[in-house]
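Sequential numbering from 1 applies to the sequence shown in the UniProt record's numbering.
Heads up, a few of these hints could be off.
Said to hold, decoys possible - Using 30 angstroms as the maximum straight-line C-alpha spacing, the simulated DSSO-like pairs for lysine-lysine come out as follows:
1) K181 <-> K155
2) K96 <-> K155
3) K78 <-> K64
4) K75 <-> K64
5) K181 <-> K96
6) K75 <-> K155
7) K181 <-> K64
8) K64 <-> K155
Just so you know, the hints here were simulated from the structure itself, not pulled from any lab data.
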Amino acid sequence: MTGSNQTQITGRGIQVLPSSFYVRQVLFLLVAAALFLGLSWYDRLDFWITAQWYQVETHSFPLKDNFWLELINHKLLKFSIIASAVVALFWGICRKNPRLVVAMVLLGIGTAVVGALKASSIHSCPWSLSEFGGQAAYLHLFESVSTGVNPGPGKCFPGGHSSCGFAVMALFFLFYPERPKLAWCCWLLGIFLGMVMGYGQVMRGAHFLSHNLWAGWWVWLSQLGCYWLVGRITVWRRQRY
């Protein structure tokens with residue numbers, strides 16, 4: 001690749017991706033956002049999927065406290081990803097591999113962004129909603145809390161747990177463009193992990209499907225934005241020195 005906006009550093013150095021790559025990704029995110037907005041507003045699919053795991057007779061989610069679902073999906077998968085990322089981060093620092101370090105930092109940034117959004121959310125989890133045995137009122141995306149309406153505890157949108165799986169998409173930047181097929185495989189692995197971990201939460205009544213889809217959207221957006229900034233800094237430093 002040639003041109004200032006297509007500069008790349010091979011080996012362990014930071015790869016600066018071309019502007020055309022970011023244009024394609026922004027278009028992809030816009031299309032995805034339109035689809036997710038439709039899913040969030042016309043929420044029949046969300047409610048239908050969640051209802052499959054809700055027991056009307058007991059007004060509860062039977063798998064909410066399932067030992068194996070909690071152990072494998074909610075703990076082992078999450079902690080395995082976190083531990084692997086921490087080890088890889090220190091390995092990259094010790095081996096002076098900036099590309100690996102940046103990828104692991106991006107992994108953490110993706111989950112941090114979703115965590116911040118989730119912490120300020122007024123949307124409650126399915127198990128807190130009146131439709132599923134709770135006391136909270138359901139709110140559409142972008143809907144404000146009206147007087148007399150009980151929104152419940154909130155802090156449930158987007159899906160925090162699934163973001164840990166989606167964050168694995170950061171491995172994409174470790175290999176692309178030198179090994180694009182491997183990079184896209186890592187991206188798909190992140191999507192797979194995020195959806196699996198997110199659906200485990202759907203089964204427990206902890207999230208709607210759309211919560212997890214938006215988590216993946218925010219993770220990828222934040223990782224793209226941060227890597228673009230890293231690329232701009234890299235180009236500036238190369239031109240200066």
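Now for the hints, and whether the structure bears them out:
1. For a cut-off of 30 angstroms, the pair hint linking K181 to K155 is broken: about 37 angstroms separates their Cα positions.
2. For the hint pairing K96 with K155, the CA-to-CA distance comes to about 38 angstroms; that exceeds 30 angstroms, so the pair is violated.
3. Among the hinted pairs, K78 with K64 is consistent with the structure: their alpha-carbon atoms are about 17 angstroms apart, no more than 30 angstroms.
4. Proximity of K75 to K64 is assessed by CA-CA distance (about 14 angstroms); at most 30 angstroms being required, the pair is judged to hold.
5. Annotation: proposed proximity of K181 to K96 holds, straight-line Cα distance about 25 angstroms (limit 30 angstroms).
6. A distance of roughly 20 angstroms separates the Cα atoms of K75 and K155; the hinted pair therefore holds under the 30 angstroms criterion.
7. Distance hint between K181 and K64 is unfulfilled; the C-alpha atoms sit about 38 angstroms from each other, more than 30 angstroms.
8. Distance restraint check for K64 and K155: the Cα-Cα separation of roughly 18 angstroms lies within the 30 angstroms cut-off, and the hinted pair is therefore satisfied.
Violated hints, listed in ascending order, are 1, 2, 7; each of the other numbered hints is respected by the structure.
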